[in-house]
Structure formats: structure tokens, C-alpha cells
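J.: Work out the full structure, taking the sequences as your base and the hints as a guide.
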Amino acid sequence: ELKVEQNPLFLSMQEGKNYTIYCNYSTTSDRLYWYRQDPGKSLESLFVLLSNGAVKQEGRLMASLDTKARLSTLHITAAVHDLSATYFCAVYHSGGGADGLTFGKGTHLIIQP
Amino acid sequence: GAGVSQSPSNKVTEKGKDVELRCDPISGHTALYWYRQSLGQGLEFLIYFQGNSAPDKSGLPSDRFSAERTGGSVSTLTIQRTQQEDSAVYLCASSAGTGFPKNIQYFGAGTRLSVL
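First to last, the protein sequences are chains A and B.
According to our numbering, the first sequence holds residues 1 to 113 in order.
According to our numbering, the second sequence holds residues 1 to 116 in order.
In case anyone wonders, no lab produced these hints; they're calculated from the structure.
Please read these numbers as outputs of a predicted model, since none were measured by experiment.
Hints may be right or wrong, so weigh each one.
[As the list claims (entries may be wrong)] With a straight-line Cα cutoff of 25 Å, these simulated BS3-like cross-link-like pairs (lysine-lysine) come out:
1) B:Lys102 <-> A:Lys56
2) B:Lys11 <-> A:Lys105
3) A:Lys56 <-> A:Lys68
4) A:Lys41 <-> A:Lys105
5) B:Lys11 <-> A:Lys41
6) B:Lys57 <-> B:Lys11
7) A:Lys105 <-> B:Lys57
8) B:Lys102 <-> A:Lys41
9) B:Lys57 <-> B:Lys17
10) A:Lys3 <-> A:Lys56
11) A:Lys105 <-> A:Lys56
12) A:Lys3 <-> A:Lys68
13) A:Lys41 <-> A:Lys56
14) A:Lys105 <-> A:Lys68
15) A:Lys105 <-> A:Lys17
16) A:Lys105 <-> A:Lys3
17) B:Lys102 <-> A:Lys3
18) B:Lys57 <-> B:Lys102
19) A:Lys17 <-> A:Lys56
20) A:Lys3 <-> B:Lys57
[To be verified] Below, a sample of chain A positions facing chain B; criterion: calculated Cβ distance under 8 Å:
21) Gly40
22) Lys41
23) Gly106
C-beta atoms are modelled at their ideal positions from N, C-alpha and C, and glycine is treated no differently.
T.: Structure below.
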């Protein structure tokens, strides 16, 4: 059974600081997704990482994937309040349910002015 | 439609009642997924449809849960004899198909179910 673990599950940080969210998974995968969810809203797709060493950046967010370590990171640079949300990683595993996506529990991020 | 639409957005029901949750996927999307999000938990996969067929029903928590999809479009998730532990946000997603990039899932805003 594929397990996806995110940490931290809750993070409160100040504007202007840098921080990293980690996503570990238990079985081989070469595809990982990051989603953002605002309270009461849909999940919004942020990044799709397809191969070992993949790095994608959008504004103050940068995601990377290390398939050998079974680890993805979401790095936040100089955080701003608008980035407050819950962030989920989801790992693709062939043969799994829902076309192979297994989600982590999410990281609830609060950025304080 | 422009996005995945779910209704109702909120549902309060009494224990033992049946509820129906509706999902209208993005037009043309052949795959449709149901998830449950409980307080403090991640997204728990329930069921997915490819067209009108549900190849994987393994996530349904009990036989009180069922889902159908007709016409390759709208899907209904039915919970019979609701229990308090069924209280959660039920999320629906759709994708253009299987295999990347078609399998990127787009989510609706969810239905918040409260069982009293």
C-alpha cells in the first residue's frame, strides 16, 4: 500500500521568511503533484513533477522531486500572506485507485504579517 | 461547464437519513473521482469512474455508500442511513482521461455534510 506523508502538518510563519514542506512516499513513483486548497474552495493544481531531479517554480513557490529518496519538497521563499492555504502532495502509483493518486494529509500553512 | 460543480455546497441531515450528493464535471472530462476529506485528514479516495463505469470501488467505506454516473457526465454519491462519522467534506474531481497529462484532476469546491 502506498503511503504518503507530509510534514509539517501545520506551519505558522512570518512574512518574509523561507520554509520547506516535505512529502515522503513509500513506493516507487515518477510522478508527483502539488495542490493548494483555500478554505471552502477547490483544490488547485500547482505543480506536476514527472522525473527525478525535476524542479518547477512559480512565483515564491518551488517544488522538486527526488525519486531515489522518494521525497518531494515545496519551498516557500520570502513568504507573503496570500500564500496561506493548505498544501497537498499527491503521488502517482500505477495500479492504485483513482488512476493511482494517493494524497498526503496536507500542510496547513498560516503566514502572519 | 467552466469547472467542476458540486451541489449542495452544504448539507445538514439527521442520523439515519439518506443523502445524495451531486457532481457535474468539466465538460468533456471522461474520468470522475469522489474523495472524502475529514477534519484533520487528507483526501480519502472513494470511487472513480471512467465513462459510466466504476473500475475501482475499493475506497467506498461501507455498503451504505454507492455512486453512479449516467451519460458519462453527472455523478451522484448516495449515502444511506447516514451516521455521524459520515460527516466530512465530499470532493469531486474530473480529468480528461487516463495517463499524463490527461489525468490531472480538477476539483470542485466540495459538499460539506454534517450528520446530527
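J.: Out of the numbered hints, which ones does the structure contradict?
T.: Those not satisfied: there are none.
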